[in-house]
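Given next are the chains, with one letter for each unit.
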Amino acid sequence: KAGVTQTPRYLIKTRGQQVTLSCSPISGHRSVSWYQQTPGQGLQFLFEYFSETQRNKGNFPGRFSGRQFSNSRSEMNVSTLELGDSALYLCASSPQGPATNEKLFFGSGTQLSVL
Amino acid sequence: DQQVKQNSPSLSVQEGRISILNCDYTNSMFDYFLWYKKYPAEGPTFLISISSIKDKNEDGRFTVFLNKSAKHLSLHIVPSQPGDSAVYFCAATGRGGGSNYKLTFGKGTLLTVNP
Numbered sequence: 025k026a027g028v029t030q031t032p033r034y035l036i037k038t039r040g041q042q043v044t045l046s047c048s049p050i051s052g053h054r055s056v057s058w059y060q061q062t063p064g065q066g067l068q069f070l071f072e073y074f075s076e077t078q079r080n081k082g083n084f085p086g087r088f089s090g091r092q093f094s095n096s097r098s099e100m101n102v103s104t105l106e107l108g109d110s111a112l113y114l115c116a117s118s119p120q121g122p123a124t125n126e127k128l129f130f131g132s133g134t135q136l137s138v139l
Numbered sequence: 005d006q007q008v009k010q011n012s013p014s015l016s017v018q019e020g021r022i023s024i025l026n027c028d029y030t031n032s033m034f035d036y037f038l039w040y041k042k043y044p045a046e047g048p049t050f051l052i053s054i055s056s057i058k059d060k061n062e063d064g065r066f067t068v069f070l071n072k073s074a075k076h077l078s079l080h081i082v083p084s085q086p087g088d089s090a091v092y093f094c095a096a097t098g099r100g101g102g103s104n105y106k107l108t109f110g111k112g113t114l115l116t117v118n119p
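Residue numbers (this note's numbering), protein chains in the order written: chain F, 25 to 139; chain A, 5 to 119.
A hint or two may mislead.
Claimed, not checked - Computed cross-link-like contacts, DSBU-like style, restricted to lysine-lysine with a CA-CA straight-line distance of at most 35 Å:
#1 K9(A) <-> K75(A)
#2 K127(F) <-> K9(A)
#3 K37(F) <-> K58(A)
#4 K37(F) <-> K81(F)
#5 K72(A) <-> K37(F)
#6 K75(A) <-> K81(F)
Worth flagging that the hints you see were computed from the coordinates, not collected in a lab.
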């Protein structure tokens with residue numbers, strides 16, 4: 025079974041631009057979560073989607089948005105990029121979503137650099 | 005408000021000895037706890053988990069202990085091996101209080117196992 029696939033692997037953008045990141049979950053997994061990792065800050069939760077519905081959202085500005093398609097694939101978009109958005113963006117999937125006795129499977133991430 | 009805390013940013017141990025990584029949490033709604041291991045520029049990999057109905061879970065060299073009254077958990081690695089060198093993240097999830105459908109992560113502990 026293929027793992028969680030994230031594209032692109034690396035991305036370089038300039039301030040003010042926008043970016044779209046893609047995530048394909050493990051086959052059969054309906055929940056997709058997104059996290060941002062910056063040095064020293066651990067993994068910060070962005071949002072979680074299940075059956076095309078956002079069920080939870082972290083404390084990020086409205087410039088960060090996401091969506092999920094009917095085949096469970098997900099995208100996240102960041103508009104008007106700022107230098108502080110430089111981070112590793114991680115996508116994770118699971119059958120039903122983060123809950124008791126259900127773990128998340130992570131992709132390798134997209135490393136975004138904003139210049 | 006940091007609901008999951010890993011107070012030791014780093015830990016260094018000798019090969020063959022025990023590694024003990026600690027984690028504290030504040031949200032009483034958390035009922036499932038996980039440990040992930042992460043190498044640079046890769047996604048986290050699930051290591052071991054524990055439900056709040058248990059106080060210990062063991063998997064090979066890895067054991068997680070949960071003390072609910074103290075809101076504390078620890079990961080024991082015995083014996084430690086150089087390949088265990090990585091960042092270890094503690095994570096938690098639960099029902100209600102905004103903890104649904106997301107994992108809340110600590111900031112991680114960098115474990116270095118010296119040969």
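Tested hints:
1. K9(A) <-> K75(A): Cα-Cα ~11 Å, so holds.
2. K127(F) <-> K9(A): holds (20 Å)
3. K37(F) <-> K58(A): violated (47 Å)
4. K37(F) <-> K81(F): The hint holds at about 25 Å.
5. K72(A) <-> K37(F): Violated, at roughly 45 Å.
6. K75(A) <-> K81(F): With Cα atoms ~25 Å apart, K75(A) and K81(F) stay inside 35 Å; holds.
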